[in-house]
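S.K.: Using the sequences and the hints given, assemble the complete structure.
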Amino acid sequence: MTTAAVELDPREPELIETGGSHRARHVAVLVGVPVIAVVGALAIGAVLIAQEGENPFAVYADVFRGVFTENRGLRNTATSATPLLLMGLGLAIAYRARLFTIGAEGQYVLGAVMATAFATAHGVRDLPGVVLIPSCIVIAGLTGMVWSGISAELSNRFNTSVVISSLLLTYIATAVMQWLIRVGIKDPDGFVPQSRVIGNAGLPTVPLLNTHLGFVIAVALVPIAAVMMSRTRFGYRVDVIGHNPIALRANEVATGKMLFAVLGIVGFLSGLAGYIQVAGVTTRINAQFSLGYGFTAIIVALLGRLHPVGVLVAALGISGLNIGFDAAERSHDVPSSLVAVVQALLIIFVVIGDAVANRFLRDDD
Amino acid sequence: MDVVLSIGTLTAGLRLALPVALAALGAMISERAGVLNLGIEGLMISGALAGYLTTHHLGSPWLGLLAGLLVGAACGALLSGALVSLGANQIVTGLAFTLLALSATSYLYQRSFSIGQNPPRIDRISMPPLVVLTLVVLTIVIVVMRKTLAGLVISAAGESPVSADALGFDVQRVRHLTTVAGSSLAALGGAVLVCGPLGLFIQNVTAGRGWVALALVVFAGWRPLPCVLGAFLFGLCDAVQLRIQGTSTGIPYEVFLALPYAVTLVALVIRGRNSRTPSALGVPFDRRLA
Numbered sequence: 001m002t003t004a005a006v007e008l009d010p011r012e013p014e015l016i017e018t019g020g021s022h023r024a025r026h027v028a029v030l031v032g033v034p035v036i037a038v039v040g041a042l043a044i045g046a047v048l049i050a051q052e053g054e055n056p057f058a059v060y061a062d063v064f065r066g067v068f069t070e071n072r073g074l075r076n077t078a079t080s081a082t083p084l085l086l087m088g089l090g091l092a093i094a095y096r097a098r099l100f101t102i103g104a105e106g107q108y109v110l111g112a113v114m115a116t117a118f119a120t121a122h123g124v125r126d127l128p129g130v131v132l133i134p135s136c137i138v139i140a141g142l143t144g145m146v147w148s149g150i151s152a153e154l155s156n157r158f159n160t161s162v163v164i165s166s167l168l169l170t171y172i173a174t175a176v177m178q179w180l181i182r183v184g185i186k187d188p189d190g191f192v193p194q195s196r197v198i199g200n201a202g203l204p205t206v207p208l209l210n211t212h213l214g215f216v217i218a219v220a221l222v223p224i225a226a227v228m229m230s231r232t233r234f235g236y237r238v239d240v241i242g243h244n245p246i247a248l249r250a251n252e253v254a255t256g257k258m259l260f261a262v263l264g265i266v267g268f269l270s271g272l273a274g275y276i277q278v279a280g281v282t283t284r285i286n287a288q289f290s291l292g293y294g295f296t297a298i299i300v301a302l303l304g305r306l307h308p309v310g311v312l313v314a315a316l317g318i319s320g321l322n323i324g325f326d327a328a329e330r331s332h333d334v335p336s337s338l339v340a341v342v343q344a345l346l347i348i349f350v351v352i353g354d355a356v357a358n359r360f361l362r363d364d365d
Numbered sequence: 001m002d003v004v005l006s007i008g009t010l011t012a013g014l015r016l017a018l019p020v021a022l023a024a025l026g027a028m029i030s031e032r033a034g035v036l037n038l039g040i041e042g043l044m045i046s047g048a049l050a051g052y053l054t055t056h057h058l059g060s061p062w063l064g065l066l067a068g069l070l071v072g073a074a075c076g077a078l079l080s081g082a083l084v085s086l087g088a089n090q091i092v093t094g095l096a097f098t099l100l101a102l103s104a105t106s107y108l109y110q111r112s113f114s115i116g117q118n119p120p121r122i123d124r125i126s127m128p129p130l131v132v133l134t135l136v137v138l139t140i141v142i143v144v145m146r147k148t149l150a151g152l153v154i155s156a157a158g159e160s161p162v163s164a165d166a167l168g169f170d171v172q173r174v175r176h177l178t179t180v181a182g183s184s185l186a187a188l189g190g191a192v193l194v195c196g197p198l199g200l201f202i203q204n205v206t207a208g209r210g211w212v213a214l215a216l217v218v219f220a221g222w223r224p225l226p227c228v229l230g231a232f233l234f235g236l237c238d239a240v241q242l243r244i245q246g247t248s249t250g251i252p253y254e255v256f257l258a259l260p261y262a263v264t265l266v267a268l269v270i271r272g273r274n275s276r277t278p279s280a281l282g283v284p285f286d287r288r289l290a
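Taken in sequence, the protein lines are chains A and B.
Anchor point for the first sequence: position 296 equals 296 in the numbering used here, and the numbering is continuous, going up by one each time.
Anchor point for the second sequence: position 101 equals 101 in the numbering used here, and the numbering is continuous, going up by one each time.
If you're looking for bench data, these hints aren't it; they were derived computationally from the structure.
All C-beta atoms, glycine included, are put in the ideal place defined by N, C-alpha and C.
Among these hints, one or two may not hold up.
To be verified - Residues from chain A that keep clear of chain B, each with C-beta distances beyond 10 Å, as calculated:
(1) R25
(2) I36
(3) R75
(4) L213
(5) V216
(6) M228
(7) V350
Said to hold, decoys possible - Heads up, incomplete: computed chain A residues facing chain B, CB under 8 Å, no partners named:
(8) A175
(9) I217
(10) M258
(11) L291
(12) F295
(13) P335
(14) A344
(15) I348
(16) F360
(17) L361
M.R.: Listed below in structure tokens is the structure:
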């Protein structure tokens, strides 16, 4: 399964349309499909809730309250959106280049554990946060970058599918993390495998917003990514790779280097997301550290239509669903896995909706 | 290294290999027809849950296997509707299906057994019949792919759908059939995992084996027998990992946790440059554009 066969076909339905003569219609599809998907997924969610003998409207009202009126609801939504947003931004860029990496989870875990290993090392852990935080950001980012870069290297040299290699690398990353917290950087006072508390490398809380600094960093990256994608040569080339890589090669742009750059960005942001999660939320790494954010970020990127602003909206929305359902579970009898089903339905409907719209538009032309 | 060579490890390796072998065969036949089915992991876990619940309620693990097969066919029909009829992006669709299947099986499993309750063990099928089953499937796949017109048409649909269409073969129908058949096999693999010697379902019981199966197809160069041999290699690594976890050796057990995936990755690299890739793999076919 070479990705080349997938990438080189000009007829394949487009995930995202840029420009073209039917701009208004494309915008309608771009925004309309996710809206319909949200309604559809919530409707099926409502049926499932009714199956539990609960009133769907009461549950959804509590989901809403859990986010908007409950103490810390908004704060928690912002905090748990942070890793999704960071990884979603990277994945959005990669998917626009049609590089369907699914290895963000591994880069996230490895970035987190490497930054923690550094920040809790003997002699280092007493350094002030001003030194530790930037160093950790660089270490986590570079770790993720290298891990993701392996997929790029394998694809360039051996034509290995990025989809498969990035996922296999995730399992290896998880094993590395497990060894590190069991042996390598184990907290000597802990009874279970876990790292020391990250201490001085912890992220400060931003006044007024009341969230950790990571959320601000992630949101600040949204306009940067948007400008990069729409106004720079790099962003243009990413889109060209996605649509017609032969055109790039014909113009003597090294597509191999583009592969490194794009997957490197994914890796950097995913590793960074891992560190921010430790430093802002969990304070240490234990066996339960990974919650599959790297996979949820795929939903976020696709739901956000591979556009940075869309990714921001999608990250907040998906995270709001998590926080809201958490709150609703306390007063209603719904299984905790229901929210994951609703989220997965969302993305299924977007994919199907796009395919239907594509057929439809093509028929018209 | 005597742990590696013991009979126990070899049987455990075989046991772990069978589900992956079936899933790899399933993934292979739809890829030969040009359909990249990234829903294999999701199909395996769906088949596993179907097999488990059916065996639990009806008492017969053979009915469990049948249920797995049928659920796979049903999911395969949905998938091929999206992949073949609608021509949806094959990578994103398969990924989305897998995410849905993982969450939906957790949900259904959570609904079936209350929290804290130990999920009951089910009746199990012993190894020999499962080995025979896998060999029968392998033989059928080899014979169909190499000795029949159907096999030739499948390859044609994957290599040059336009030519196949010009010769009067219904490319879409071939792709529908192979996607449904392949999905059924993948789900059967999941059911074999649960109704076999394991006799238990836990969340995420497939643990990425569907993805390994997809990697094996590349490793095997889209040929049936190497698919099964590759699965055995993977199973062997997995078995060594499980054995060594209990014993205290100088090597940390995490090495063996990563080993099956690392071996698969290395195998992918070795087999990576490969001209056997079906030319039209991942490309939807549309007569109007042909």
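S.K.: All hints are to be evaluated individually against the structure, with a verdict given for each.
M.R.: Now the hints, each set against the structure:
no. : hint : in the structure
1   : R25  : holds (18 Å)
2   : I36  : holds (15 Å)
3   : R75  : holds (26 Å)
4   : L213 : holds (30 Å)
5   : V216 : holds (29 Å)
6   : M228 : holds (23 Å)
7   : V350 : violated (8 Å)
8   : A175 : holds (4 Å)
9   : I217 : violated (27 Å)
10  : M258 : violated (18 Å)
11  : L291 : violated (13 Å)
12  : F295 : holds (7 Å)
13  : P335 : holds (4 Å)
14  : A344 : holds (4 Å)
15  : I348 : holds (5 Å)
16  : F360 : violated (10 Å)
17  : L361 : violated (12 Å)
Checked against the numbered hints given earlier, the structure breaks hints 7, 9, 10, 11, 16 and 17 and satisfies all the rest.
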